[in-house]
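Enquirer: Residues per chain are reported as follows:
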Amino acid sequence: MKPTLLTGNGAAARGVRLAGIDYLPAFPITPQTEIIETLAQWIQAGEMDCRMVTMDSEHSMITAAGTAAATGVRVFTATSSQGLLYGMEMIYTVAGWRAPFVLVNVSRALSSPITLEPDHNDVLAARDSGFLQIHCSTCQEVLDAVLLAYRLGEDERVRLPVIVNLDGYYLSFTREPVLIPSRKEAARFLAPYDPGETHFRAGDPVSQGVAVLGGSQYSYFRYETHLASIQALSVFNEICREYEKITGRVYEAVEGYRTTDAEIVFFMLGSFATKAKDAVDHLRKTGLKVGLVRPRLFRPFPAQAIIRHLADKKGVAVVDQNLSQGKGGILHAELSSILYNEERRPCVLVSFIGGLGGRDISVEEFFEMARVTVQAAESGKTPAPRLLYTHEELARMRGLQSIAGNRSPGH
Amino acid sequence: MKKTIFKTIKDLPRHHPLGAGTPACGGCGALEDIKLFCDILGEKTIFVNAAGCMTLLSVYPFTPFRGSWIYTAMASAPAGAQGVRDALDVLIQKKRLRPEDDLQVVVLTGDGSAYGMGLSATSGAMDRNLDFIYLCYDNEGYGNTGHQYSAATPHGAQTATSPEAGGYWGYKKDLFSIWAAHRPSYVATVSGSDPLDMARKIKKAKDLKGPRMFIALAPCPTGWHYDPKETVAIGKLAVKTGIWPLKEYIDGKVTHSKKPLSKEKRPGVEEYLEKQGRFAHLFKPRRNDELLAEIQARVDDYWDNIP
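The listed protein sequences derive, respectively, from chains G and B. According to my numbering, the stretch in the first sequence is residues 18 to 428, in order. According to my numbering, the stretch in the second sequence is residues 56 to 362, in order.
No lab work stands behind these hints, which were simulated from the structure alone. Fair warning: there could be bad hints in the mix.
What the hints assert, rightly or not - 16 Å max Cα-Cα, derived EDC-like pairs, lysine to aspartate or glutamate:
1. B:K149 / G:D211
2. B:K90 / B:D252
3. B:K320 / B:D359
4. B:K150 / G:D66
5. G:K331 / G:E382
6. G:K294 / G:E382
7. G:K201 / G:E214
8. G:K19 / G:E193
9. B:K149 / G:D66
10. B:K62 / B:D252
11. B:K99 / G:D221
12. B:K150 / G:D211
13. B:K264 / B:D306
14. B:K295 / B:E326
15. G:K201 / G:E259
Said to hold, decoys possible - Examples of chain B residues lying across from chain G (beta carbon under 7 Å, computed):
16. S113
17. T127
18. V139
19. D156
Claimed, not checked - Ranges between beta-carbon positions, derived for each pair:
20. G:G265 / B:P116: 28 to 34 Å
21. B:T216 / G:A204: 55 to 61 Å
22. G:I131 / B:H70: 53 to 59 Å
23. B:E349 / G:A350: 58 to 64 Å
Every residue, glycine too, gets a C-beta built ideally from N, C-alpha and C.
Construct all of the structure, not just a fragment, from the sequences and the given hints.
Expert: Okay, here's the thing in structure tokens:
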């Protein structure tokens, strides 16, 4: 099979087309818009039998996605950044309806300051919502993840909506060779949607999203959604094996790269992990035993697989492309919480923040992170979390500040 | 115009699909409105609800509705209606749902959502010519949280957040005109105390397609501070004094379905206001003649300008 050059957005659209969706509520936002434009063209050309409607906001869009899914059709929608946050009330709400659909989030950093390029604070704001999350590092993965997401969310053991995340610009607008499954292959993997008991129709009345009064009932439903999310772990592994049989592409909840004999491991999400792989290859040539661990599945959190990958490692450099203001890296906190009780846990976890708002992480910075982590492992002393920023950057920033005039507080 | 079958009260449906024993307050005007909607629309309905008093009609595991229900959020019930309507259309078109199993989609919100937070989603639904019915039960304040003023609160009404002597400083937003400016299929104001007028309008809307929008006066004993037994009387006075015009918009024209008597003959607004605790400050400890005159003048001015 010959690969096709596709952007991450194009790959997402291809996956959606292969999934045979019925309904697309949409709202434009950079850098996601290309996905809905591409789908609109295919619908217009009669190549997709799908109804599309542009809504008045992401809040409305996610509401419509949820109610349509609850009515019994296969739904797709997409957003980014401010859009995801504007719709956040509904992200939490529709997850509780247990009506599956897929939302592609093209990561973009959050205001303020308002900006365009990516980091993961947008998608991580949806972390606790009940949506499952699959994070992609290549355009191929984006296409495949869309198909996997429908199978996963629609599985009767799960019944939850799924976010597929790809990084704005670095993936959304970057062309990579992508193998596109045939219609037949996609159909073998993903059957037409079976809504089961999830529907609205005359003669069979259903009340959805009703209020509960009292913590006991509330807890019951919240626990139930949580347990369904946890069940998605084994379902994900199961469907990935099936997908492999059809396409030959191997996916696991957690990707390990050169980890088996590694002593030092980078731990991170998304497309910047491909930069880390490059750094790993360079560092290996210098004799340093380095690897990379990258969760594909972020919700449910594949704790056991991560624990296995990191067992007996000397040090982990956790690279967070996000910042929980006043705390630090979100991945670092997630990782610490699952390792604390493990006997074979790594000696040190070192926290790095980088890649905010699309700021690159250079190969030299990966070298430096590896060096700091080795040192921490040897000394047993974990350094304070480091906010990546170079002297050159600071000098440029000072230049800009001298133009703008500096009135920032606490300067 | 189509002849309706409702000539007298006796012609109204005898079958009342909305169940009794809801958690609504005694004398709730909104419940009176919803009951008649259920009577006329029947059971093939789905109510798409926004946060408000009526959200508590369906509390797990009970519901008074014979049809379906989905609670969305305060701002996006019309968007929820869009998703349901589109999905039903897709299912019918793809032959996964029999046309006879189709549902009438009804948005149910209070004035807090309709006049404020939900207005963008409502405007969008009308832009898209969504085929749905929208029922706003207007109790003129954020009722469910203890009746704070909303954009629907009338000038001079005391609420939990306008407790001062003159009451609410603002003026009730003209939602009817805002909705009508979108040129939807139908807009009407109704009152549960005028069930014949209301039944005719619901029937008319039922037979139309596109956005069909209702603002229903919903007297509120707990928010307006009156004895629950007065709900119907207060609703009637709202129409008789001319404070609550009963009107409809259709085909680009606004018509009044029931006009109050002439200025000289109709009861003054005082008769309506003095029955309600929220306006008690207009009469006690001293009459506020100035404000009373202003409220009366606004009502008179409205009717003076109706052709």
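Enquirer: Determine for every hint whether it applies to the structure shown.
Expert: Evaluation of the provided hints:
Under the criterion of a C-alpha separation no larger than 16 Å, the hint pairing K149 (chain B) with D211 (chain G) is consistent with the structure, at around 14 Å. For the given pair, K90 (chain B) sits about 15 Å from D252 (chain B) by alpha-carbon distance, which is consistent with the 16 Å threshold. For the given pair, K320 (chain B) sits about 14 Å from D359 (chain B) by alpha-carbon distance, which is consistent with the 16 Å threshold. Pair hint K150 (chain B) plus D66 (chain G) holds up; C-alpha atoms about 13 Å apart against a cutoff of 16 Å.
With a C-alpha separation of about 20 Å, the suggested pairing of K331 (chain G) with E382 (chain G) is violated against the 16 Å cut-off. A C-alpha spacing of about 13 Å is found between K294 (chain G) and E382 (chain G), which places the hinted pair at or below 16 Å, so the restraint holds. Taken as a hint, the K201 (chain G) and E214 (chain G) pair is broken in the structure, with Cα atoms around 27 Å apart against an allowance of 16 Å. A hinted pair counts as satisfied when its Cα atoms are at most 16 Å apart, and K19 (chain G) with E193 (chain G) qualifies at roughly 13 Å.
Proximity of K149 (chain B) to D66 (chain G) is assessed by CA-CA distance (about 9 Å); at most 16 Å being required, the pair is judged to hold. Taking the CA atoms of K62 (chain B) and D252 (chain B), the gap is near 10 Å; set against the 16 Å cutoff, the hint holds. At most 16 Å may separate the alpha-carbon atoms for a hinted pair to count; K99 (chain B) and D221 (chain G) meet this at roughly 9 Å. In summary, the hint linking K150 (chain B) to D211 (chain G) is supported, as the alpha carbons are separated by about 14 Å, within the 16 Å threshold.
Pair hint K264 (chain B) plus D306 (chain B) holds up; C-alpha atoms about 13 Å apart against a cutoff of 16 Å. Restraint check for K295 (chain B) and E326 (chain B): satisfied, since their Cα atoms lie roughly 10 Å apart, inside the 16 Å limit. Restraint check for K201 (chain G) and E259 (chain G): satisfied, since their Cα atoms lie roughly 14 Å apart, inside the 16 Å limit. With a cut of 7 Å, the hint placing S113 (chain B) at the interface with chain G holds, because the nearest CB-to-CB distance is about 4 Å.
At a threshold of 7 Å, the smallest CB-CB gap from T127 (chain B) to chain G is about 5 Å, leaving the interface hint in force. Hint on V139 (chain B) holds. Least Cβ distance to chain G is approximately 5 Å, under the 7 Å limit. This hint holds: D156 (chain B) has a C-beta 4 Å from the nearest C-beta of chain G, less than the 7 Å allowed. As the Cβ distance of G265 (chain G) to P116 (chain B) is approximately 49 Å, the hint placing it in 28 to 34 Å is violated.
Between T216 (chain B) and A204 (chain G), the C-beta spacing of about 58 Å keeps the proposed range 55 to 61 Å intact. In this structure, I131 (chain G) and H70 (chain B) meet the distance hint of 53 to 59 Å, their C-beta atoms being roughly 56 Å apart. As the Cβ distance of E349 (chain B) to A350 (chain G) is approximately 60 Å, the hint placing it in 58 to 64 Å holds.
This entry does not satisfy hints 5, 7, 20, going by the numbered hints stated previously.
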